[in-house]
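Peer 1: For reference, the chains in residue letters:
There are 4 protein chains.
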Amino acid sequence: MNSFGTIFRVSIYGESHGPGVGVVIDGCPAGIPLSHEDFAADIERRRAGRPGTTPRAEKDRPFLMNGVFEGFTTGFPLHIHFANGDTDSNAYDNIRHTPRPGHADWAAFRKHGGFHDYRGGGHFSGRLTVGIVAAGVVAKKLIGDMTVAATLLHAGGNPDGVAAAVAAQQDRDSVGGLAEVRVNGVPAGLGEPFFYSVESVISHLVFSIPATKGIEFGTGFPCATMRGSEFNDEFIHVDGTTRTNHSGGINGGITNGNEIVFRVAVRPTSSIGKPQHTVNLVSGQVEELEVRGRHDACIALRFPPILEAVTAIALADLLAIARSTNSAGKKERT
Amino acid sequence: MNSFGTIFRVSIYGESHGPGVGVVIDGCPAGIPLSHEDFAADIERRRAGRPGTTPRAEKDRPFLMNGVFEGFTTGFPLHIHFANGDTDSNAYDNIRHTPRPGHADWAAFRKHGGFHDYRGGGHFSGRLTVGIVAAGVVAKKLIGDMTVAATLLHAGGNPDGVAAAVAAQQDRDSVGGLAEVRVNGVPAGLGEPFFYSVESVISHLVFSIPATKGIEFGTGFPCATMRGSEFNDEFIHVDGTTRTNHSGGINGGITNGNEIVFRVAVRPTSSIGKPQHTVNLVSGQVEELEVRGRHDACIALRFPPILEAVTAIALADLLAIARSTNSAGKKERT
Amino acid sequence: MNSFGTIFRVSIYGESHGPGVGVVIDGCPAGIPLSHEDFAADIERRRAGRPGTTPRAEKDRPFLMNGVFEGFTTGFPLHIHFANGDTDSNAYDNIRHTPRPGHADWAAFRKHGGFHDYRGGGHFSGRLTVGIVAAGVVAKKLIGDMTVAATLLHAGGNPDGVAAAVAAQQDRDSVGGLAEVRVNGVPAGLGEPFFYSVESVISHLVFSIPATKGIEFGTGFPCATMRGSEFNDEFIHVDGTTRTNHSGGINGGITNGNEIVFRVAVRPTSSIGKPQHTVNLVSGQVEELEVRGRHDACIALRFPPILEAVTAIALADLLAIARSTNSAGKKERT
Amino acid sequence: MNSFGTIFRVSIYGESHGPGVGVVIDGCPAGIPLSHEDFAADIERRRAGRPGTTPRAEKDRPFLMNGVFEGFTTGFPLHIHFANGDTDSNAYDNIRHTPRPGHADWAAFRKHGGFHDYRGGGHFSGRLTVGIVAAGVVAKKLIGDMTVAATLLHAGGNPDGVAAAVAAQQDRDSVGGLAEVRVNGVPAGLGEPFFYSVESVISHLVFSIPATKGIEFGTGFPCATMRGSEFNDEFIHVDGTTRTNHSGGINGGITNGNEIVFRVAVRPTSSIGKPQHTVNLVSGQVEELEVRGRHDACIALRFPPILEAVTAIALADLLAIARSTNSAGKKERT
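Chains as they are written, first to last, in my numbering: chain A, 1 to 334; chain B, 1 to 334; chain C, 1 to 334; chain D, 1 to 334.
Honestly, the hints are just simulated from the structure, not real lab data. No residue lacks a Cβ here, since even glycine has one placed at the ideal position from N, Cα and C. Wrong hints could be hidden among the right ones.
From the derived model, a few chain B residues whose C-beta atoms are all more than 12 Å from chain A [unchecked claim]:
# : residue
1 : 17
2 : 63
3 : 268
4 : 287
Covered stretches of chain B, going by a simulated chain C footprint (3 or more residues, C-beta under 8 Å) [to be verified]:
# : region
5 : 5-15
6 : 68-82
7 : 107-113
8 : 166-178
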């Protein structure tokens, strides 16, 4: 179950401390120019090494291993690989049998009977999101005039996320954050009612990013206390423009041509230096754990390019489906 | 794209004012006792006709058309059909070319060029959720000792949702609401990291329900302002029990054996009697629209059984996958 | 697992002696004119009641239950239902515990523990192929200038299939047959290498038809004794026309623009009146069985419209995928 | 569309003359011992370098890049990579614009507008089947007591396939062949009627292997001239054993517990040294082509391990599905 998508289909593989991680992309048309340089900006935005992020220094150079020939995509499986470099597994010896509170350690152990690679979080590592960002770079090339922009609204309530992260780090702690995504230039008619609604597809992918705990589209949670006469977006032009955008650009699961807007809540990183209680899986006793290793104090700082990536992946797939099945633009009955 | 699931797979069909709606379920094992009576309670909870809901009175009697033989499931496609009865399409003439603000009318028109069935919302109608509730009844039988319970926390901020709905109705308006789902008895180890995380699967299905605008797991949006030392759930027993449950029972996309908890924001019904501005798709002019027809003043009142259904559907599928691939319980390495 | 397809997706449901059978089709664009009359010709060709076929007389009138509005497809799930009429279940009492040799009775019993509907073959009945033929009628409308034509080459070696069937029937026996499908007007570039090759998709669907035992594309089984210099199809025109067509219009899993040609071997109907040995599932003893009920003496007679249907379904899906991903016709690099 | 399977899911990537090829496997449970040595036998059987095969000498050493930890599978995506070594792309310059008769060159060009990697067949190369063989090694470990054995019945009609291949090679020609697969120890009840029948799944995968032109199960094509009384397999024991096995171990798409038997027709390799006519894609003229490069004179010689692999892959997936949905062995109603 490591893949998602119907036509534009993305699969990821890898572990934090193995030889590398990567992504295989299906359904990318031929003839798209693609080179290492295309990936530089988004990968740099995701990169660690800045204040409040893990000091693990990865070069994160994408290796366009398959599906690119003479500078263009071939139309066949596109495989982008990232070698792991700066790994230090010693710090993880003490968590093999004492799962970190809030982390996947315990669930992974119960799921696969202790056979998972526990070093650096193994397959659960945020490291794998570099492949998602790479797939997003390709997706952005496919969605035409749509522009996807994600920003961090705050971390721990502080609009200066980095300051909040540094403060948490000094306390051997971590802090959460809130991010927002906006998509402009969206054609009306993407998405399918019910099981492939735009919100279904986007939320499916957003919750694939480790640390996501909530998502709301348009005026999301506040809508619970609103009246319909407040919330409804009145039309002001026959092109579909609405006066307000409480719906976040989506009605009935389908884009309406207005801006897509959604926000994502990111939990504080689970790996913290402060002592916490956990259980020892061998002895069965409760123990105190101080997580070692190098960790982000605020993983939300690194979310914007990842959120842009999954949004672009969702839209690339929805656009590919719409190209095959939508009648919009072909003929209309009024 | 009208289906969802890997092993336990659900497809819905139908329109509000056509002959009927229904659901086809794949992957239901043979030998499960199933009769009309099994559906009565959940369908009654979803039924309209109470204060604050639409006066459309549907009998909602499930017809177990296929896949049941002599009182047991056969293991082959299970098809449950609901005939439409109390339809009145006249009220919809005036919306054919003047899309309701907040509704799918406009997006559907743009998507399929005006060929959709506009009467009563057509395929976008909440009416189709009766099939989802029916699938949920089956799913609940498959998830063993897990119990799924959804409640409405408030409508429009009022814990007495019905009162809020009636008040809105008297104003020819509608009101939103907030619902919560809790699942107990969950085994650890359900879900897959990344693209089939428990949150991905549940949110995918929850956003398939028309009117959903937000979802958060555990201490969702508040986590954005929390520290890791507050948010992390410390283990207090080797069976995985945690002191707190900010994670909502899920770590790294995998159930950890604690209670699954999530909340869902429901927008106010878009169809309201109050005059609103819209555009006429034929003339291109802005017009004033008073929506006729019979509508819920608070669709959130009817959400709990639907939310239970999609949660049970998600868990039935995740459990089926885990049965094939999890090693938990088979062997362990410590 | 009752569905197939990526974009144009077909699901079937039903049992031979239940209330009815049907098909739900996803991915059919809006605005396609569709009425009962469109189905008449292909359903008539599949219909029983002719010499050598079962005397069961079904009206086979398609009920366009969902997804059609005012004579056009809506773009949402298309549901076509066929009520069962002329059923006589008494003849099946004696096979409940004495599986018919060559039939699915035994395998179904072992698979689902005796909970399947054994009457008339239940879900395994050829009756369900009426839904496949209906889906094929829709698919044929979507594949543009491609024309699909299936013929019966012989039954039991006799080019007059009906005569062979009648002769077998007189012996309380049945007989097999060989059918051929040819598709003209195929654009080059449909299909994907490896796991969605044209042959993979077509054979997957052809082996979904009960009684199919073999398939070969182009000069199929004879190729095993040929030299490459004989088998290779030399190009004679830059438009891709080849001198011969041993490949059957497909290279590397992709259509090359020449005629698609394949042949299908159909086994003799398993239900025959002649006494055969079987086992009694209750007593465990070997018994003699004379199959009663009404059966086709040569199911191959009814194959051509079903083969056309699955071929059109395959091509409709491959064409939908190609529309989204192929660069052909958009730009070329030479 | 580079993947196949529902639970046990296989994706391949790569090109003949790129850096390497590989396979990503989803749905492999944790705790399966796996090392390089496990792959040696099947990869050696597939290897070239013997008489009648291409002199391209690949080391074919599997790199267990992801999903294996301390000698056991982790339960997360299993990634096996093979570096390409002995490549010589110069021989392919002359086919860039003069497609080889019988090869995918032309179809690939039309599909993806000339952007494909033409060197060594690119993504269409039989080289990619090394990844399929690797996936088969894993699958064989998962299917319990089932044993899969493939043999070459003849090449060009000669039971000594190597001799036939050498003779063809001496003529700068190639030759086809016929292979057979037998599976023993199959439990009854695998497969689903219609769209996931055992034959559908196996044939889908078999036709994913380049050069396959036909498949028949049991007494396949001969059944077309048989009577039901000849073809039907009479039961001789309550355990399901039949006197004959014309059905090839499958009824109604479901395994019946008898041996699975099928045969596969393999076309002669398309790349031959003899002069053939083709067209020049630039000039539009018919030209004579002598294919250079190193090619197999009889690709059928290398089919047995590949056929075993796809058969094991199919069975691993069908078994995983059956584990979740079959009632067999749990309870029975008689």
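Peer 1: Indicate, hint by hint, whether the structure satisfies it.
Peer 2: Now the hints, each set against the structure:
1. Its beta-carbon lying about 16 Å from the closest one in chain A, residue 17 of chain B satisfies the requirement of being farther than 12 Å from that chain.
2. Listed as a non-interface residue, residue 63 of chain B keeps its Cβ farther than 12 Å from every Cβ of chain A; the least gap is roughly 21 Å.
3. Not every beta carbon of chain A lies more than 12 Å from that of residue 268 of chain B, the smallest distance being close to 4 Å; the non-interface claim is violated.
4. Against the 12 Å criterion, residue 287 of chain B falls within the reach of chain A, whose nearest CB is about 9 Å from its own CB.
5. Using a Cβ-Cβ cut-off of 8 Å, 6 residues of the region 5-15 of chain B lie near chain C, which meets the minimum of three, so the contact claim holds.
6. Given a C-beta distance limit of less than 8 Å, the hint that chain C covers the region 68-82 of chain B holds, as 8 residues qualify and 3 suffice.
7. Here the region 107-113 of chain B counts 3 residues with a CB under 8 Å from a CB of chain C, which clears the bar of 3, and the coverage holds.
8. Restraint check on the region 166-178 of chain B versus chain C: 0 residues with Cβ-Cβ distances below 8 Å, three needed, restraint violated.
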